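> One-letter residues, chain by chain:
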Amino acid sequence: MEETYEIRGTNWLDSVQKLLASVFETSSVTSMLVPVRHSTTHVLMPTLVSDPGELEGADPFAPCFPLNSAKLVSKLTKKHSNEIIAAVLRPCELRALVELVKIKQATMDNLITISFDCAGAYPNREYNRTGAEGKAAEGKAKTLGFMEQRLGSKLDDDTDKQLSTSCRICTGPFPENADLCITLLDHDPGALGVFAGTDRGRELIMGKAFEVKSLPGTRADTVKEVLQRKKEAAKKVFEDLAGKTATMAGLGNYLASCVNCYNCRVACPVCFCRECVFNTDVFDYEPFQYAAWAKNKGTLRMPMDTVFFHLTRMIHMGLSCVGCGQCSNACPNDIRVAELFTAVGKGVQQGFGYEAGKSMDDPFPLSVFFEDEFQDVTGI
Amino acid sequence: MNYTYYPGCSLSGSAMEYDVSTRAVFERLGITLTEIDDWNCCGATAAEAVSSLLGSALGARNLALAESMDPSSDILVPCSACYLNLKKVEMERREDPELAKNLDTILGEEDLAINNPPRVRHLLDVLVNDITADTLLQKTTRPLTGLRVVPYYGCQCLRPYAVFDDPEAPTSMDGLLRACGAEVVEWEMGARCCGASNMSTKPETAKKLVQKILMDARGADAIATVCPMCQLNLEGFQKAISRDAGTDLSISVLYLPQLIGLALGLDQGEVKLDKNLALMPGFMEKLLGFDIVIPH
Amino acid sequence: MGEKQGRALVVGAGISGIRSALDLAETGCDVTLIDAAPHMGGVLSKLEYQFPSDGCGMCRLLPMADRDTCLQACLRKGLVHGGIDLMLSTTLKGLEGEAGKYRAILETEPSIIDPKLCTGCNRCSEVCPVTIPDPFNQGLSTTKAVHLPVPHAIPNIYTIDMDHCTLCGECETVCPFGAIYLPGEDRLELKIPRTLVEMDVGAVVLACGIDYYDPLSGVNTFGYKALKDVVSNIELERILSGTGPFNGSLKRPSDGQVPSRMAWIQCVGSRDLEFPACSSVCCMIALKEAVLVRKRSRQTIETVIYYMDMRCFSKEFEAYRRRAENEYGVILKRARPHSVRYDRNTGGLSLYITDDSGIRVDEMFDMVVLSLGQRPGKSVKELAEITGIGLNPLGFFEDPLSGEGDKTGVFAAGSASGLKDIGESVIHSSSASAMALKVIHGARSPHDEEREPLNGFRDVSTQVPDIGVILCQCANGPDIEPQVKSMGASDVHVSGVMAMDRICTREGWDGMLETLAEKTFNRILVLACTPQLFLDKKAAISKAVNLDPAYIDFADLGKGEPLAATVKMGLARIRYADRLNSRASAMVPTVLVVGGGLGGMTAALSVADTGFEAIIVEKESRLGGNLVWLEKDITGNDFGRLLDNTCRRVEKHPGIRVFTNAVVEDSRGGPGNYTTSLKTCDNDSKIIDHGAVILATGGREAETSAYGYGTSDAVMTHREVEQALKAGTMDPVNLNVVVMIQCVDSRNDSREYCSRICCKSSLKHALEMKRLNPELDVYVLYREMMSYGFSETYFKEAREKGVIFIRYSQELQPEVLSGTDGVMVKVHEPILDRTLEIRSDLVVLATGILPSVIKPLAALFDARVDDYSFFKAADSKWRPVDAVNGGVFACGLALGPRDAKESVASARAAAMGALRLISSKSAGVSLVTAGIKPSLCTLCERCIDSCVYGARTLDSDAGKIRIDPVACQGCGSCAAVCTNSASFLNNYLDQQMFEIIDAAI
Amino acid sequence: MDELLQLKTMLNPCIQCGTCTASCPNEVDMDLVPRKLWRMVLMDRHEAIFDSRTFILCSSCYLCTLRCPRGLPLTAAMARLKAIAAKRDLAKYRKSTRFYKSFMESVRRHGRVREGEFMGLYFLAMKNPLLPLSFASLGIQLMKKNKVAFELPAKPGIGNLDRLFKKVAEIEEAL
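Chains as they are written, first to last, in my numbering: chain E, 1 to 380; chain F, 1 to 296; chain Y, 1 to 1001; chain L, 1 to 175.
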């Protein structure tokens, strides 16, 4: 068992702030990306903090993430820089980051990743509606209340109806290979544990003035129990979805209100094209073509290519989908895009024996070739 | 078409009916058989088991005698063991000059010599290829209609020298028997060993082989043979084997020329049916029912 | 480069002939490829599945450089190459003259059906009243007397089986093209007579293949043809084939039931008295077939292979055998069934065998497959007489170790000199073409015309598409002109639709060219049937209208698809047709050969003999490699003399530079253009530019610590024995008992492969020792004697000389105990089922072959090594000596264990591969080549990972992906993985494909 | 040359495929199946060979000879082993070898076998008073048919092959 250090602050946020501050102390990190509740707007946003004193507003556990921070890490690391930064990421954000690193849109060379047992999040609009966006102290209290309730129920999703579906069906809410992994489950309220998920993490954590302890003995069982519940929830959601979208007509209905705003694409952490093919002249039709199609079919739904757009995105991104749910957050017309993408992503990843974001060591499918794969498809 | 005739020891003793019926059939066909003067035993399976040179010498003496009588007429041998022993000398002499030299020395003792010996032919070979089934068909006057026969070839007329038939799946008797009006029953045992040479010394082994053959022949009226060892082996132990097998395996066993003789119109005495050890009442009944028909 | 060479004649259009013909055509020769059959493809036209991939891969023989000179389609259908004249139903009847200046007489069978007129419309077959057994399916299904010889061939020319034809004349009447001329009353008068052609050729390659043993010619104890469910392995291949008698489902011929137990009987017609050689490939064929059956039946059909030795002697074969046994559950039984009997009670087939324990068992099957051995091809004897090439005692072409000194210009290729698997045949054929090329090159006259340079076409790349449509009209076909015209009228890019009367005729064709010459279209679409055949015609149109062939395309009217879709798809395709505006730089006419052993030297000579430069880099101080210590091979070839001759030729050759004590330090570039730095003995760096590289780094006898090696002088390896015998320090007269142990440290979990030469080494030394001391007792402890091919005769000879062979198993290995008076070897003898103790004076270990370390070297050139650290070939069957990227080749032991003769062949083949690349013109980039739009590229590098040809690299200085247009084979993987649409495949563009799909639906 | 060495040389090409065993009708009663027997010959296991009853059970059906993929004269090889056993008068095989010897003795005396006389000779040679009983059933059948009569050894007469036998022995001695 990996050595675990226990940190006991006045509450969970105090504990985590202590930990984050210590990272500044004992490493050459110059800045840290972490959700901070802004002092004037009181809005929680990923913030690049270079002054450890500013960590007071840091709240990585709030049931909300306005965007998937992997995209921001890409911006911070894609081009060469000598700065060493740290990033506090939810497990799904970390997974997205791993995918981006594989496709050379980010690097981990000068990056320290910190992740934690994720209690989930509300849909963005839901969170805003709950009024947590109030003053700093209220926000904090809201987070702590949420934590108490969630950890107390051992992440029983049925006790919190506001949770986003993506979080309810998330089967990877625990940190695995972050440099520093924060554990919350089965600790005393307010306390947290931290262990190293990588060699780099091990170096970092060594010599820290925390109390050494092994992980709570019950953790493994609790983790198993949580995952089991979530898997069942996911199964139900996917079955329901499959019933609705198994046919082209069903899929059309599901996506019927799509207006080609492409917000889901923008929100998607792993969608990385410089210019999406749907913005190029490939889909820039001539007026006479529209006319011809309309004549051919009698009617022509406009804007065109909405289902095609989502299908293309599934093909392009399905293998990398980490199930963070931001696409659903982004949809102006409340299409449940995330469930669809997660289901398709899971299926296609399973086909290749791949799990998006799981490990840097798994080669990306389609870039490797095995003679015997997909015999049931190829027939040979 | 005449042949030099080598009857061999069995045909002058336990297989006299083979000898008599063979001679009778050829006489009926108008072919002369001239017996080799002073022929000697071919050595059977015993000579080689004592000395292989002795075996060759015994055979060679007969070839030399036949050549001195008439070098242009083939040697007709009804007994398969004799046939093989004589054939072996014929073949090996040609391939092994050392052996030929030794044989010359031995034969020299009696002022005999082999230069260009006549061909050694088995009776079945002559019947199939020289006489032919067509001739038999023409000459058949008493068709054995409805007689179900299994042809049994044994080993040594077929193997190791595949001269006139497939050594494992022989068919040469089929045409002859059909020409006689008999029905040829398909079976598996035609070329299987009957173990005759073991019957005296290892009867328990030999009887197993005979039993297999008799079992497969069930349903036929008769077995046709072309070898005195096989004949004796198949007809002589039927009671004991039936006892061992717990089922009645008795069946009539006849030499092929006996059956041919009957078809050609010879009477039972002319083919010496009285000498056969195994003739079942059913067979005899059928035999009585065969009518002589005048060929058109 | 791209100099015009002379003409070569290749006899036989199976895979060996195709390989040779392509080799010679790609290096600038004109090639006449003939085959006695009315179709090409040889025996492979009937076989769809090849081990180890259990699929086909024949198309991998197609050219990789100058791809547009050759139809890029399934090779099992046909070969269409600009430099190859294919003559079917044609045989070589005479050959006069000398190497470089032969006059060949070719005879073409009279044809009842004119191949120039037949379009394969099938109407003749529909009316033919005569049904015959289909020879293509080995008689397992039926066809008509007028039929297609190979159903998938292009062109689809019908033939008439005149042995069965009743001359009723129905087909003649119904043929819409007047292509059928049945002979007249006297049956001798043929309208298209037997034709004789005389032809000047520089060299001849004989690739006439082999025949199979016919069980009916012997005693046929297996009941072949007598029992319906006893089939030959070729018949089984037909049964498994989608074009086979049961449309690919596995059924037994007698009653169409799916069999539940199948047996394979090996060595039918091989390793027997009549044919004392091993047919080399049957073991793998049987394993492959059994695996196929297991796969097909989802492991429900039990498969048993009865074998004597399972000869999986090539590099990957042992692994395949393991997979067959462990993953697919193929059962292997060491036994030799003598006959197959029909069981009347069950309707099954029974086999009597004795298993290892000596117990006789009777096994029942419902299908039995006979692994038929090889026999020389029908025409081998006649061709030997015509060409003067020698025959070995078994009637195959002689295959001397060194063909270098021979004056002849006639070379055997592939299995005509002994059955080989596909990989070996391909190697051997390229070896033959390398020798032929040398002859042709040497005889080349300076007056030969230079090949016309490409380009000089009008530049239409920036013009708006202006499409001209040519519609080929058959007089007897439906009138589709109005429909096509109206489609043309509604497409703004089409400016003319012209109907022509049959362009497949001379007049029609000339008429079309005339019409086109008057127009100024910048895109031309020709609507016709079987357009695959029009590859060379494209060039003719291109010339007539001064238009890059990239802008000319054909659409197939003969496929039975809706006309509108065909035409619209054709229009969509041609509208976007373009040629990438990139140019490959010129090929560097130099080949770098790493390693100066027999393979390296042979490869360098083959390169230099054809006018290119070869550079040998050898890390030791002298050339020769393993030949330095070897004395002779099992057939008695004198290696000392071979070494001297080869070294002398290398040293004298003006086209070869040798660096000894030198190693490769680094390399950049790609196929056609490498810049490599060498480190020479005095620590100098030397920079070399070259177009291709051949890795001939060799291998060595494996070290061992098994069986007490190193603790007793009485335990030696074969190399030590060879050296001791050569030096005279060992005299077998002083020995009483010698034990040889095979497969030491080999064919086990740690070293899976068979080293394939050790059995021959043991036989060689056993026979040599017995020769010197007939009293000597020699025991060879083996697991499987891999005396494949003609070396089987030495196995037999060794037994006859009294060498005792004892089989041991992986589980029950021999033990060697050293004592004061010699060594005691304990071994379990399986036939007797008891342990023998052999007190011996000498134990010789066959320790196998290990490769020299080539991984870092290969990596420098973007090539890889396999699981065993040998060079990894792109495809063990079809591209056996090349790396995937097409610029790196390997030969000899670097490629895998092989004997000297096989090394020489692989060296010539590697040289041939390099020559194919560096003699390509590469003036224009092939039409289907990948490109990149940097403005869309996010540099995710997925395209680099996905490119198996190594054609893509990241230029990190410029922040761009670079594509090597020579290495790119147009597979499209990069375009498929690129979500940005930054990677694209020319002529398969997004818009183009969308429009084509739109047109199709 | 030693007879067994000769035999070994003759059998050297054997590949131990077992076709002989699979073909042999008497294989079930053999203690060493033919394949093993030949292996013993090649390995010079003389004791084992003459400890087995294999070759004496050979009924000369020639199937193995016919089928041997190496074309080896296996039936002849069996006979050679019988001959060696006869010459050495090995106790184990006396029942058979003396049968053969008695047969040949009858041949030597008269040139032909007198079936009755040879059986008599055989019974004398075996010195087993019970032995004749095992032949009784067939013998009685034959006698009933007046085909054969047991007779005591007669003096050599016409057809005597003494000279031939002697010459053969002479030549064999010289080999």
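Check each hint, because a few of them may be wrong.
Distance condition first, Cα-Cα at most 25 Å in a straight line; then the derived DSS-like pairs of lysine-lysine [what the hints assert, rightly or not]:
1. Y/Lys619 with Y/Lys960
2. Y/Lys652 with Y/Lys619
3. L/Lys145 with Y/Lys826
4. E/Lys75 with E/Lys236
5. L/Lys145 with F/Lys275
6. F/Lys208 with L/Lys8
7. E/Lys75 with Y/Lys855
8. Y/Lys770 with L/Lys8
9. E/Lys79 with Y/Lys933
10. Y/Lys801 with L/Lys145
11. E/Lys78 with Y/Lys960
12. Y/Lys801 with Y/Lys770
It should be emphasised that the hints constitute simulated quantities derived from the structure, not laboratory data.
These figures come from a predicted structure and were not determined experimentally.
> Would you mind marking each hint as holding or not holding in the structure?
Taking the hints in turn, this is what the structure says about them:
Distance check on the hinted pair: Y/Lys619 and Y/Lys960 sit about 37 Å apart at the alpha-carbon level, beyond 25 Å; violated. A C-alpha spacing of about 20 Å is found between Y/Lys652 and Y/Lys619, which places the hinted pair at or below 25 Å, so the restraint holds. With a C-alpha separation of about 63 Å, the suggested pair L/Lys145 and Y/Lys826 falls outside the 25 Å cut-off, and the hint is violated. For the hint linking E/Lys75 to E/Lys236, the alpha-carbon distance of about 37 Å lies beyond 25 Å, and the restraint is violated.
Of the pairs offered as hints, the one joining L/Lys145 and F/Lys275 holds, with about 6 Å between alpha carbons and a cut-off of 25 Å not exceeded. At roughly 31 Å between alpha-carbon atoms, F/Lys208 and L/Lys8 are farther apart than 25 Å, so this suggested pair is violated. Taken as a hint, the E/Lys75 and Y/Lys855 pair is broken in the structure, with Cα atoms around 38 Å apart against an allowance of 25 Å. Among the hinted pairs, Y/Lys770 with L/Lys8 is consistent with the structure: their alpha-carbon atoms are about 16 Å apart, no more than 25 Å.
Between E/Lys79 and Y/Lys933 the CA atoms are separated by roughly 20 Å; this keeps the pair inside 25 Å, and the hint holds. For a cut-off of 25 Å, the pair hint linking Y/Lys801 to L/Lys145 is broken: about 56 Å separates their Cα positions. As the CA atoms of E/Lys78 and Y/Lys960 are separated by approximately 15 Å, the hinted pair is consistent with the 25 Å bound. At most 25 Å may separate the alpha-carbon atoms for a hinted pair to count; Y/Lys801 and Y/Lys770 meet this at roughly 7 Å.
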